[in-house]
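Chemist: If you're matching them up, the sequences are chains B and G in order.
FYI, in the numbering used here the residues of the first sequence are 5 to 410.
FYI, in the numbering used here the residues of the second sequence are -15 to 70.
Just so you know, the hints here were simulated from the structure itself, not pulled from any lab data.
Quick caveat: nothing in here was measured; it's all calculated off a predicted structure.
Each hint should be verified, as a subset may be incorrect.
[As the list claims (entries may be wrong)] Only pairs whose alpha carbons sit at most 30 Å apart, straight line, appear in this in silico DSBU-like list of lysine-lysine:
id	chain 1	residue 1	chain 2	residue 2
1	G	K17	B	K71
2	G	K1	B	K154
3	B	K71	G	K(-7)
4	B	K356	B	K294
5	B	K154	G	K(-7)
6	B	K181	B	K71
7	B	K71	G	K1
Each chain, written out:
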Amino acid sequence: MDENNTVVITGMGAVSPYGQGVNALWNGLLNNDNCMHTVEELQALEMVNTKVAATVEQADYSFIPRKHRRTMSRMGLYAYCAAVEALKQAGYENAPANLGFFMGSTLNSISVWLQLCGYSQGAHLELIKTSDFLQIMNHSPLAAVCQALKINGISVGSSEACATGLMNMGLAYLSIKSGLITQALCGGTEEYHPMFSACFDIMQATSKNSNENPSAACRPFDESRTGLVVSEGCGLLFMESKKSAVARGAEILAEVAGFYSNTETESMAYPSADTLKQCMQGALFCAGLKPEDIDLLNAHATGTVAGDIAETQAAQAVFNAELKINSLKGHIGHSMGASGSLESIACVNMLKENTVVPTKNLNRKDGRCGNLNYIKQKENIPLNIIMKNSFAIGGNNCSLILRRSL
Amino acid sequence: MITRDEIIKRTNETLKKEFEFTDEQLVPSASLKDDLCLDSLDAVDMVVVLEQQFGVTLRQGYNLSTMVTLNDLYDFIENLARTHQK
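Model the full assembly from the supplied sequences, consistent with the hints where possible.
Modeler: What follows is the structure, given as structure tokens:
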């Protein structure tokens, strides 16, 4: 009898700058591969300082039936592939009845929006197709994947910028925990457009001193870091009650032990260490855990000067200096709405493999960052519990705790 | 004036590109709805791409319910071309 209605993960699917599939993501991280490159459009924009991004190599998606593909922008295509992979690992060729689906993005497809704006500004409204509009609704990827895979339970397209992926995981967790639903797909998806880099550049949040060496462009916690590198992809996880997983004999990959979210009200762009501290403490309380129970903090740490300092100072206030901490943004950049769930997938594999992926490009820790155990080399150590953070511009903070399933 | 053969050729090329049909599917007797599986959303998009192809406005006189087969579509465009010619 599972009185606590324990929530577990039984499937994962990913599309990342390392390629299609969870294995591509995991192998890229383990091998410290480079997936960052200069972007032609950014090189043409003189006033934009950053020239680097991490994008998904475009594949042939014609295997997705046209009827469904017509309503999918790139982020919808990524979501379809991730959803199919997650379902398959969970043991399903087709979506089970009443499956919930929680997935959002920061913005919708900028390229399709710009195409529509072009029609409008040129007054060529007769060129607008139904499929254009169906690709740029806020919940278009969610709706398109539901149609394509016949996902007929509750579907929610929650959007909180860079916290979107983890927020949707949290909402799925709470919905299963409460008994509202038994199973759900959850996470975030995002597609790159140079305007993302340009907007973050204007906010002085992008990496700008490594344009000639893209591999080193994003350096979380490092004293020489200058900002984030925008990327894209989709990460989806199949969550369900442990009772459901056990009953159908599904392999349990990890348990979701707790979740918390709060909101920064002092600034849209600069999180305070105090609010972040309360977020992490909330997740510990939700999970019934003590700070010393956490083996690893997989930080949001995008490589911005202010964000990395605030997060690590907050972590120092919650944990002690022994806490192991890493960030995956040095490898795969900041996939924004997808980052929380893509990185959670990596965390599940870290638990499974008892392996801590080091922070890429971290050489000398910034003295202003909190006093913690920063992982610079791959470590094979017993891992039981990982906390994952995601913090959004706009002030939405999320912390989620993953545990090796007992 | 544009010939019927030219209308058929350009219509088919447009539909192949937009809806990923094969040549074998595009026979005159093919039902737009049942054989080619075009739904109401496709019907709107079909008008958009055919208008671009032929440089005429189709949407006013266009009625999917009276247009059953691909041949009906060719007829419609041919009639429109004749009207324009006058």
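Chemist: All the hints need checking, so say for each whether the structure fits it.
Modeler: Hints, verified against the model:
{"no.": "1", "hint": "G:K17 x B:K71", "verdict": "13 Å, holds"}
{"no.": "2", "hint": "G:K1 x B:K154", "verdict": "27 Å, holds"}
{"no.": "3", "hint": "B:K71 x G:K(-7)", "verdict": "24 Å, holds"}
{"no.": "4", "hint": "B:K356 x B:K294", "verdict": "22 Å, holds"}
{"no.": "5", "hint": "B:K154 x G:K(-7)", "verdict": "37 Å, violated"}
{"no.": "6", "hint": "B:K181 x B:K71", "verdict": "35 Å, violated"}
{"no.": "7", "hint": "B:K71 x G:K1", "verdict": "14 Å, holds"}
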